[in-house]
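Those protein sequence lines, which keep their order, are chains F and Z. Those letters in the first sequence? Residues 55 to 233, by our numbering. Those letters in the second sequence? Residues 640 to 837, by our numbering.
If you are wondering where the hints come from, they were derived from the structure by calculation, not from laboratory data. Computed from a predicted model, the values in this text were never measured in an experiment. We treat Cβ as the ideally placed atom computed from N, Cα and C, and that holds for glycine. Hints may be right or wrong, so weigh each one.
Stated by the list, open to error - Rough simulated footprint, nothing fancy, chain Z against chain F, three-plus residues with beta-carbon under 8 Å:
1) 99-108
2) 111-125
3) 178-188
Stated by the list, open to error - Distance windows between CB atoms, simulated:
4) PRO804(Z) with PRO115(F): 37 to 45 Å
5) PRO108(F) with GLY775(Z): 15 to 23 Å
6) ALA711(Z) with ALA119(F): 30 to 38 Å
7) ALA119(F) with ILE815(Z): 22 to 30 Å
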Amino acid sequence: MPRRRNKDRYWDPYIAGALLGILLFLTFFLTGHGLGSSGGVNRVLVAVEDLLAPRHVDTTPYLAAIAGGERDPLDHWIVWQVAGILVGGFVSGWLRGRVRVETRRGPQITPRTRWAMAFIGGILMGYGARLARGCTSGQGLSGSAVLSVGSWAFLLSVFAGGYLIAWFFRRLWLPGGDG
Amino acid sequence: MAPWDLETALGGAGASVIYLLIGFAFGFILESAGFGDSRRLAAQFYWRNLTVIKVMLTAIMVAMILIFWSTALGWLDYDAVWVNPTYLWPGIAGGLIMGVGFVLGGFCPGTSLVGAATLKLDAIWFVVGAAVGIVGFGETVSLYNEFWNSSYLGRFSLPDWLNLPPGVVILALVSIGILILGIGEIVRRRIHGDLDEG
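Modelling step: build the complete structure from the supplied sequences, incorporating the hints.
And the structure:
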């Protein structure tokens, strides 16, 4: 049972959480701001848009604020940090033999269904994260640690949304015949 | 006193290296906690495995204690630290949409990057979807700019709102956090016994 073996090699959640907390603190201490991810992806995408349709970027206020005129959307700390996430995630998985082409899914659905749902879920996540001005990392984790009222309201909303809807989509994740 | 202006201290390239290292550690920890695996993440919402909430709450509690300790000791200038400005309703609306996206997609943006880096195909599809959503937002926000900039409360912290000293707020949050983790684990065991898989 390779999955069981994998699971046992994951770090204890409280230890992982404590290390993540220390990293988050060090980031605030060194740089004055927290961790992020969707903001970095956003900048990469706006950079692509700026290559393909610079006029459009310059005339859309939201995009122009990031990449209008001579502004370089990639000249920002979060872009480097997101590149680091990819490398760090890869190295961690590689050291533990978890870099493997596979599709993680509930036992009742096909890989194709899983990909479609991942794509749709991704759209909602990407859209919601920009609407909320940050994702689980930039808004939820970082904003909550510095006690932002909006970040706590956001974090509660993410979990509320998830728990409210989870029952309706249980077939995606749960084994058959189990609630 | 911290925080420092890295770009002035180290130059642009030096600062970039620091950010790259911070990201590396972030990605490494997420993957090590099992956050590259969508089943493990989604299990949170079915009370089968509470790793997500355990890691997140522990990280928030540890970071906020360290931040406010170092502020109290005069090492860190909290006023110079970025506190996400509050736009209450756009944040709540975005959060609810993300909650739905989390259940459907099995990831959040950060964890999907780690999943994609370890070649999980569902994570790669999620990243493609997120890219569509992000570009879609940039293209549509002008339709409802008013809402997106509404309920703006600026830099607004829980101690400001409750009119209590930060230490009291943190003590309360840590107590509530430990309570949530304890109760969550009891509920999970009541439902699923010793089964603890993602």
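Hint check:
no.	hint	result
1	99-108	holds (count 3)
2	111-125	holds (count 4)
3	178-188	holds (count 11)
4	PRO804(Z) with PRO115(F): 37 to 45 Å	40 Å, holds
5	PRO108(F) with GLY775(Z): 15 to 23 Å	20 Å, holds
6	ALA711(Z) with ALA119(F): 30 to 38 Å	36 Å, holds
7	ALA119(F) with ILE815(Z): 22 to 30 Å	37 Å, violated
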